[in-house]
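Hey, can you work out the whole structure from these sequences and the hints?
Here the protein sequences come in this chain order: B and S. Residues 1464 to 1939 in the numbering used here are what the first sequence spells out, letter by letter. Residues 5 to 145 in the numbering used here are what the second sequence spells out, letter by letter.
No false leads were slipped in.
The calculated lysine to aspartate or glutamate pairs, modelled on DMTMM-like cross-linking and capped at a C-alpha distance of 20 Å, are:
#1 B/1766 - S/99
#2 B/1839 - S/95
#3 B/1548 - S/130
#4 S/61 - B/1785
Listed next, with one range per pair, are the computed distances between beta-carbon atoms:
#5 B/1832 - S/69: 19 to 29 Å
#6 B/1835 - S/134: 40 to 50 Å
#7 S/133 - B/1879: 40 to 50 Å
Simulated from the structure, these hints should not be mistaken for lab results. Just so we're clear, the structure is a prediction, and the values are computed from it rather than from any experiment. Yeah, the Cβ is synthetic: ideal placement off N, Cα and C, and Gly gets one too.
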Amino acid sequence: MELKGLTIRKAYEDLRAKKYSSEELVTATLERIGAMDGDINSYVTVDEDGAYHAAREFDKKLAAGEEQHLLAGIPCAVKDLIYTKGVRTTCCSPILSDFVPPYDATCVERLRHNGMVMIGKTNLDEFACGASTEHSCFGVTKNPYDLERVAGGSSGGSAAAVAADLCVYSIGTDTGGSIRQPAGFCGVYGMKGTYGRVSRSGVNAMASSWDTVGPMCKSVEDIAIVTGVMAGHDRRDMTTPNVPVADYSAVLGAGVKGMRIGLPQEYFGGGVDPEVESLVRAAVARLEKAGAVIVDVSLPMTKYAVAVYYVSIPAELSANLERFDGIRYGKKAVDAENLVDAYFKARGAGFGAEIKRRIMIGTYVLSAGYFDAYYKKAQKVRTLIVRDFEQAFEKVDVLIGPVSPTPAFKVGELVDNPLAMYMADALTIPVNAAGVPGLACPCGTTAGGLPVGLQVIAPQFEEGRCFQVGAELERL
Amino acid sequence: MQKSGHYEKNEGDVANIFYFFHDVTDYSGILRRLQIHALQVKLLLMLTEEQVRHIAKLARISLTEEEVKKFTVQIGGVLEYVDILQEVDTEGVPETSQVTGLTNVMEEDVIVPSQSSREELLGCSELPVESHQIRVSRVVK
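Written out as structure tokens, the structure is:
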């Protein structure tokens, strides 16, 4: 069997044709991980027993002629920010390094219900705070295309595992670009859905009004399949609106004739690496030849998005991480004199530098005397970013731009410079601010062989448009 | 808390670097300049070490002296950068707390099976458990 480039669709066909069993697929995947992941470091925990158990369940049901979902029996990896019952979930933080959740996240539950075979949990920046996976307590994840460069972040492990064929698909989260940017760096597809499309129940909260969950795959069809399984209203997450999940497969072959594609002028030009820009423009030209209408648009609030993000996210994060005190879960304090001392020590020892920085920024901007100037102001500017997109979508059906101003940077290049690292997400953050969907699609490699990704952005709950354009790009 | 320090646009100043962010969106150029200036950063005080210690106390995080020094510069830099939001006219603009538009999401008050048992939840703690409660350190002396 060939693991390279193996998609859900192909694996589904192969399994039904009895070319191999799910158990054999797991064995081959584990062998490949053994051979390659020492260098790449995409997995934090490999759950051999769990994977074989699910694989054998699939094989048994197949033999008995039972009908199973398209993605049943197929190896997947889950970002270690997402809770999996009985399997260690660390959020790549020292404070949770031994934590085993007593329940599954809703997205995991839905995948399991449809026969997912989970190989293991993948590496991320601690509590999803980063753009390079360098802030993980388990070490950085390297880019399979160039081991001296980062896989991106925060879902670096999920992206690298798919890119290196150490799983067929994976699940990540995207709060400021954390699915799309690593997908772009690693040459795979990554879907950030509409805010509220996929339940966040069981996903460790970073910024509750920005967080999304989504798949990373080797094809647009695979993205559509996995999104279809995870998406939908969940009573455990009251921010999931009761919007029906469309049949995404229906639009995959529809093409782009007559579709109006907007190019935001702020996403091109001076700030973006020339090779990145030319690859993205070349992809857009191909779409134009296939019948799309290209329109120049403007999103004037783009330059304020990073500032809005670095007020809002630390604020929300600081509240969400208050619960980590080593009492009900997580590493307890050592040698605490009393309860308050226990808090200081557990958190002081348990959080990495970036987390401490962000909690402190958040504490500061929410404190009395500063709340209006910082947090309230940022929320108002966020409204203006939302309006930018609403106005643009009156003129066009989708927007296209690069995922990142540069291709993957070198390990260590930005890690001591927090603000420089923050700029890596300048083109992805506005999409999270507005809560609209964005699909990252590979659109070529630089002269140096580094993947470049573009993103297809649509209005809320119009994931289908992203898939329609992405599928056409895949064909061209 | 008072802001302290002031800024002069001299070559090598931290503040000067951050003005680049909203004058020019030359991201790769910015990265190059920051790499050079990272070695030359002067301690421009957007925030004092005293303030950083106070914030850490509010957030219940213990910091080493080295961390206090390092974070004072780094956090100060971020706060200086986000100041560009002040130039945006937000007169009459409402805040966005969330983008779903949902309000008052309700559900029926019925008992449904719990995702985990009480024992499983208590089992997550590293601290001793007595009578379904987690025993913590002394609260007051």
